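4 protein chains.
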Amino acid sequence: MRKEVVVVIGVGGMGQAIARRQGAGRTVLLADLNEGVLESLATSLRGDGYDVSTQRVDVSSRESVRSLAETASSRGKVVQMIHTAGLSPLQAHVEAILRVDLLGVALVLEEFGRVVADGGAGVVIASMAGHMSVRLTPEQEAALRMTPSEGLLELPFVRPDAVTNSGAAYGLSKRANQLRVQGASAAWGERGARINSISPGVIATPMGQQELAGEHGGMMRAMVAASGTGRLGTPADIANATAFLLGPDASFITGTDLLVDGGVIAAMFSGRLHASAAS
Amino acid sequence: MRKEVVVVIGVGGMGQAIARRQGAGRTVLLADLNEGVLESLATSLRGDGYDVSTQRVDVSSRESVRSLAETASSRGKVVQMIHTAGLSPLQAHVEAILRVDLLGVALVLEEFGRVVADGGAGVVIASMAGHMSVRLTPEQEAALRMTPSEGLLELPFVRPDAVTNSGAAYGLSKRANQLRVQGASAAWGERGARINSISPGVIATPMGQQELAGEHGGMMRAMVAASGTGRLGTPADIANATAFLLGPDASFITGTDLLVDGGVIAAMFSGRLHASAAS
Amino acid sequence: MRKEVVVVIGVGGMGQAIARRQGAGRTVLLADLNEGVLESLATSLRGDGYDVSTQRVDVSSRESVRSLAETASSRGKVVQMIHTAGLSPLQAHVEAILRVDLLGVALVLEEFGRVVADGGAGVVIASMAGHMSVRLTPEQEAALRMTPSEGLLELPFVRPDAVTNSGAAYGLSKRANQLRVQGASAAWGERGARINSISPGVIATPMGQQELAGEHGGMMRAMVAASGTGRLGTPADIANATAFLLGPDASFITGTDLLVDGGVIAAMFSGRLHASAAS
Amino acid sequence: MRKEVVVVIGVGGMGQAIARRQGAGRTVLLADLNEGVLESLATSLRGDGYDVSTQRVDVSSRESVRSLAETASSRGKVVQMIHTAGLSPLQAHVEAILRVDLLGVALVLEEFGRVVADGGAGVVIASMAGHMSVRLTPEQEAALRMTPSEGLLELPFVRPDAVTNSGAAYGLSKRANQLRVQGASAAWGERGARINSISPGVIATPMGQQELAGEHGGMMRAMVAASGTGRLGTPADIANATAFLLGPDASFITGTDLLVDGGVIAAMFSGRLHASAAS
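For the record, the sequence lines run as chains A, B, C and D. For the first sequence, counting from 1, position 149 maps to 153 in my numbering; every step adds exactly one. For the second sequence, counting from 1, position 35 maps to 39 in my numbering; every step adds exactly one. For the third sequence, counting from 1, position 268 maps to 272 in my numbering; every step adds exactly one. For the fourth sequence, counting from 1, position 50 maps to 54 in my numbering; every step adds exactly one.
These aren't lab readings, by the way, just hints derived from the structure by calculation. One or more of the hints may lead you astray.
Which copy is meant is left open, because identical chains are indistinguishable; a pair holds if it fits in one copy or across any two.
Only pairs whose alpha carbons sit at most 25 Å apart, straight line, appear in this in silico SDA-like list of lysine to any residue [as the list claims (entries may be wrong)]:
(1) LYS7 <-> GLU43
(2) LYS7 <-> GLY234
(3) LYS7 <-> ARG225
(4) LYS7 <-> ASP122
(5) LYS7 <-> ALA226
(6) LYS7 <-> LEU277
(7) LYS7 <-> ALA229
(8) LYS7 <-> LEU216
(9) LYS7 <-> THR58
(10) LYS7 <-> MET224
(11) LYS7 <-> GLU194
(12) LYS7 <-> ALA46
(13) LYS7 <-> GLN213
(14) LYS7 <-> ASP253
(15) LYS7 <-> GLY80
(16) LYS7 <-> SER68
Note that the structure is a prediction, hence the values are computed from the model and not measured.
So here's chain A without its partners, still in its complex pose (with noise of 0.2 Å):
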């Protein structure tokens, strides 16, 4: 009797949370570049009772991931795959942003595709920045959903030169995500598994925090203070819409993006936030 297996790559704020709400009679694969952070977050789970194995991935290296996918597969049935890693345009330039955010995603969704189990489910942590960034034609729409993961960034439209900024690096590579979430539904799909994208807010996770005392810092609290909820995201509320995409009450629910946002777009495109960040 094989253990279910849920990978949780990315274990910052919201993947230490998902991994403590998915993890439970499950073995628990968590993958991040940083080795320090990821003996850390298996050590205490570990202490909380979950069975708990670690493997450093490199999310822009198509062999680093699929020896990620081989490694989950390995251990059991893959039944459940949470992407949560990513750089903060804070943290990061253009290039790095694009190859982290952007091409990391859709080698993961392809990988995981292959090993995935039947029943199975995927959640892709993308962002509001998704919703945000200028509207891209059709065609580039679907050159992102479609394109092979190799050819991605030699898109004339997202090659480095054509992004001027590490902000408008990061908005693309989250629509980006939310769009190649609908090509992967169908390879997901063919195995009998469901692949979703959740689309943050402004969430309380120490990126979270760096970038309200960022320089970006006020105007992310005019969007909060604008927004139907008024409040700061937790990483729970990321956690519960996790579980429930990848839950039972879901199984009609693949290849779509669920904005989790406290509010703030539906204020931003009601003409709600200037109003307020004028006051």
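Since the structure of chain A is already known, use the hints to place chains B, C and D on it.
Okay, now just chains B, C and D, sitting in the frame of chain A:
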């Protein structure tokens, strides 16, 4: 001690499933244009132990919707409102569709946004058709979000002469529902409440079965065959998504749309539908 | 790719609600003694988009139960089994109740414990009557847990001459269900599966309504009036508890009973019922 | 618009997991005897986006518990109360255990039963030890349910000289918790609220790990090995069960206990434990 009130507008297949899922231990106020169907469901629900009252409503009339909201409010705390009423392109012509499916939702959002309880939540059933329709300009989207309800049917691109057939009227209305929910999330938020929409795919309700038997039935089956799940939805799939959005695990979700379509839209945009429909 | 199979035994009010709640996207195998009711529910579920097959079963016959388990197993992975079949004291005499309600559950637990899939789960619908009955000795409880099924009806305190009326037979059977689930949790656990029972209170199913109209109806209403919730249960209340016990959030729960009775048993044991019944 | 308040008493491993699971979007009032631990968790939760306040409480003092309930009530609608505080047999002697684990729960149920909001709910963390202890007589059970709190420690079978060791005091207290919840469901019900208990098995909290390392650790491991799930519980297992009992799908559940023990009690009563412990 006043009981909590849950209002279900529209008592077709989805309305029934949602009323059963949400109504236990509360006062259920059912509303529909058709009094016969209304009483029939009320009798069935009472037999199953629900506390039910009914009121006829014409959602295209502000007076009628306001009366419903007042009735709800007089019965207790209006903790949930689910709007499932609508006309399908098979059932009605352009004008009726725009009046019921587009204007009707705007009126319901507005009137219930005045009575919903602190901590309450609402869900509007839109449609995946709202994800398919021709792209609107940002100005048109803004107009659908924010134009006062009484002016909606006067917008140039909404006027019956600009909408060529009932299918187009339906798609436009359902896109408008999603946008209107964004716009309404501010007023609902000011009362401490949340509002979201669900966009169902092909659901095996009586209305859905009628469409599957109609002239577009073959295309609909091809869409389902090409989708990630490869199946029709059940009313329970929509009731489960509704329960999530209304429940405590979605307290950071407002002003958004959740596509529950088995992967059809993802298949369409990934070009899989054509291949499948041709085979 | 074989579909997941969910088996629902007994298609009364609770069986129907549970089949709708658990069956979407799976093969639903419905079983009941009454073929007319079986086909009628199957037709209704197919209309709602479920993939349904049926098989007549006499739960008091090992051969019949084994045949059902084999059918289930031949259709795919048996991920869930929910046993709702039973006779009420109004419907049958002592012998029939013991054969169906006590022996039947033992046979179902045993035969499905041989086919349930790794990661699967089951729920047996017992009754709050199992919490009310005269206290059994530890030896009697042990006998009900562990005696081979074929010997259960031969136990001295279970033999028809020791059980004075159908109400006592019902209470004893339902207490036995809870104990048998404890005993069965070992075999189910060895397959990586879980098994639990639910003890409903007064539920507004057709069977429940019949009891409320019968000679004990007044006492039942007094019990409900004295309870913490003060209301009848709905089939959805039981379906929701079932969904929890079968689902991922209950992966550490096995071999236990969940009382879903609106607070009736608590009221009885707190002496509130007498006061209320007397007024 | 006053925010909803959730009160978590006891901030060990379970209290932390429950606070994170239930607290988003609400005011979280944390209470514990140990102010250092209290402030440490509050700081951590604030970093994750929660709105937190704290108050020191000695649950064995009515005055202290009442003051906590008054603080909760002054902050908003007290929609949830979760009591996780308690002393383990390793940590304390008979008298302290009876005062904190038995009397403390009675006081909390009583004082929060006076402030809980209409529609609210509470959960008391008991223990599987309450399912193991020597059988009480019906008269003793009745006394534990209904004796005024101040008289509980004066009951002949509760007096320190009648309780021979800290393990017995713990088991008696935890059984009393389950019974006291039954008794309290009337007062909570009159306010439109529900109250239940959870009886956890061996959970990998710091307290649980301490017990596993202690003199009874070997026996505890044998119990886990013999159980249906064969594993330790995680704090998330308890938080998930708590979320269910507090949530909308449990609106017909009050005055009951949910055993979340991985199947240990079932294994014990089925005689599997001895076999396993002996091997």
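Against the structure, the hints come out as follows:
| no. | hint | verdict |
| --- | --- | --- |
| 1 | LYS7 <-> GLU43 | within (22 Å within a copy, 38 Å between copies) |
| 2 | LYS7 <-> GLY234 | between (42 Å within a copy, 12 Å between copies) |
| 3 | LYS7 <-> ARG225 | between (44 Å within a copy, 20 Å between copies) |
| 4 | LYS7 <-> ASP122 | both (14 Å within a copy, 9 Å between copies) |
| 5 | LYS7 <-> ALA226 | between (46 Å within a copy, 21 Å between copies) |
| 6 | LYS7 <-> LEU277 | between (48 Å within a copy, 23 Å between copies) |
| 7 | LYS7 <-> ALA229 | between (45 Å within a copy, 16 Å between copies) |
| 8 | LYS7 <-> LEU216 | between (40 Å within a copy, 24 Å between copies) |
| 9 | LYS7 <-> THR58 | within (16 Å within a copy, 32 Å between copies) |
| 10 | LYS7 <-> MET224 | between (42 Å within a copy, 23 Å between copies) |
| 11 | LYS7 <-> GLU194 | both (23 Å within a copy, 12 Å between copies) |
| 12 | LYS7 <-> ALA46 | within (18 Å within a copy, 35 Å between copies) |
| 13 | LYS7 <-> GLN213 | between (36 Å within a copy, 24 Å between copies) |
| 14 | LYS7 <-> ASP253 | both (22 Å within a copy, 17 Å between copies) |
| 15 | LYS7 <-> GLY80 | both (5 Å within a copy, 19 Å between copies) |
| 16 | LYS7 <-> SER68 | within (23 Å within a copy, 32 Å between copies) |
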